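Use the sequences and the hints to build the structure in full.
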Amino acid sequence: MLNMVDERKMETRNEKSITEIYTEHTKTVGQPFCENPKMQTKNVDVFYANNQAIFNVSLDIGVNEVIALIGPSGCGKSTFLRCLNRMNDTIDICKIKGELLLDGQNIYNKSQDPVLLRARVGMVFQKPNPFPKSIYDNIAYGPRIHGLTTNKAELDFIVEDSLVKAGLWDEVKDRLYEAGTGLSGGQQQRLCIARSIAVQPEVILMDEPASALDPIATAKIEQLINDLRKNFTIVIVTHSMQQAARVSQRTAYFHLGKLIEVGDTNQIFTNPQHQLTEKYITGRFG
Amino acid sequence: MSYLDFNKHTSNEYNEELEDIRNLLLNMGGMVEKQLQKAMQALLQGNIKLSKKVVKKDLGINAMEVKIDEECTQIIAKRQPAASDLRLIIAVIKSITDLERIGDEAAKIAKCSQYLISKKYECDYFSEIEKLAAVVESNLSLSLNALARLDADEALKVAINDMTVDTEFERVNKNLINYMSTNHNDLDKIVRLSWAAKSLEKIGDHTTNICEYIIYLVKGKDIRHMDLNVIKEEYFS
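Line order of the protein sequences matches chains A and B.
Following our numbering, the numbering of the first sequence begins with 1 at its first residue and continues without gaps.
Following our numbering, the numbering of the second sequence begins with 1 at its first residue and continues without gaps.
Among these hints, one or two may not hold up.
Stated by the list, open to error - Rough simulated footprint, nothing fancy, chain A against chain B, three-plus residues with beta-carbon under 8 Å: (1) 79-88; (2) 198-205.
Unchecked claim - Quick partial rundown of chain B residues pointing at chain A, CB under 8 Å, derived from the structure: (3) L26; (4) M180; (5) T182; (6) G220.
Just so you know, these hints were derived from the structure itself, not from any lab.
Fair warning: this is a prediction, and the values are worked out from it, not measured in the lab.
Even glycine gets a Cβ: it sits at the ideal position worked out from N, Cα and C.
Put into structure tokens, the structure is as follows:
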């Protein structure tokens, strides 16, 4: 019977190597642009000294969308994410070319205060990093330094509101003055999300926010991302294909610094247009 | 999309699992194809023994469907397949349903032949059904080749060729109805012949479904319920 099966098959494919496909790639496939962008990047190149980490990336990030950046380690997705709120400014050898716009304004203009930019474009990191302060003070820190409140009642409201939005209020309302570092990993990450939304950002950048968490804490973060989308624009870097598929509306695939393909998440995970995307999400990179 | 290759995963075990269900699917296809050939042979040659074999063997095809379904479920649970892998699993799950039904139709043809053989019935219309069966068998065989070779162009050709099956069936059916009006004593036998023809027509439809899943697998486009000429224009030009 197997012979009959083999007879039916015709194994004559001549496949190109990943390097060949990558070298031939010149233009992002799919829909890198959208109608209502909150942020736009135009022909962005990023260099670390003489090494180019990002090549000519043009990508729109739509209002109130969750866009997932995926790709193998070293593909530049975190570097790209960090450009979006000028976190790379702290790296001396990092040079950025091209335009990065927030509501049409170039965020790399000399007149742009990076601290104010980071209040508008917040960030949540892979490892929860609460301040060594109380839960209350972790949340209150940002509003205080940005002068968002004039009295204690307003600050109390912001703390409660942020913790409610981060889905943490019920778990911590009776111990607001205990150390934030005493919470579990998942709670600490939600505390960091609450801290970032306390300053009312417009965009939240998340760099593998659930990679250090167990499946239950991960599910809570994913639910939270879905809830936050109503009020914020979210850019998430993740190594979990399933997570990208679950939480995002659009997905962008990076490979060795090039933006290979951008598309509707449903389409990317069922019918990607580029061979490299297909190979990556199906686990064919050996 | 010539880059559909299910043997290039980082995990060799995953390669083997996907290859395994592809082989099982093609084995099941081969079994069903033989069932149809034997059912027709039994009908045309009046071979009661062979017709009984066909009916019995249908149980094996049913078991095969359950086995492949189970393997697909395991792969979904363990691997969470995406893109072409996901489309392969979906195409397999759907194709085996159609193959199982083709098996059922072959068994129905065998049962019709058992009745006709028991009545020692003969008439000119057997040869008409033979012609219809030739087109149906050829389409099924070509669709299974296309499935093995992931050949969307061939699948489309076979799907379009189902019109020939429908036309041939209409002709046979019309002739049988006319024949009934003049042979009232043989109505029970002619009805059995008509059922066999209807089973062949249904096998043609199931074959078309399989072709649609091949196109979905290879092109990533769900073309069900679409005009085949529009599909040709949009996805094959």
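Here is what the structure says about each hint:
1. Remark: the stretch 79-88 of chain B is confirmed as covered by chain A, as 8 of its residues place a Cβ nearer than 8 Å to a Cβ of that chain, reaching the required three.
2. Coverage of a stretch by a chain is defined here by at least three residues with a beta carbon nearer than 8 Å to that chain's beta carbons; for the stretch 198-205 of chain B and chain A the count is 0, and the condition is violated.
3. With a cut of 8 Å, the hint placing B:L26 at the interface with chain A holds, because the nearest CB-to-CB distance is about 4 Å.
4. At about 40 Å, the closest approach between the beta carbon of B:M180 and any beta carbon in chain A exceeds 8 Å, and the interface hint on this residue is violated.
5. For B:T182, the interface hint is violated, the least distance from its beta-carbon to any beta-carbon of chain A being 45 Å, above 8 Å.
6. Here the hint on B:G220 is kept, as its CB sits about 3 Å from the closest CB of chain A, short of 8 Å.
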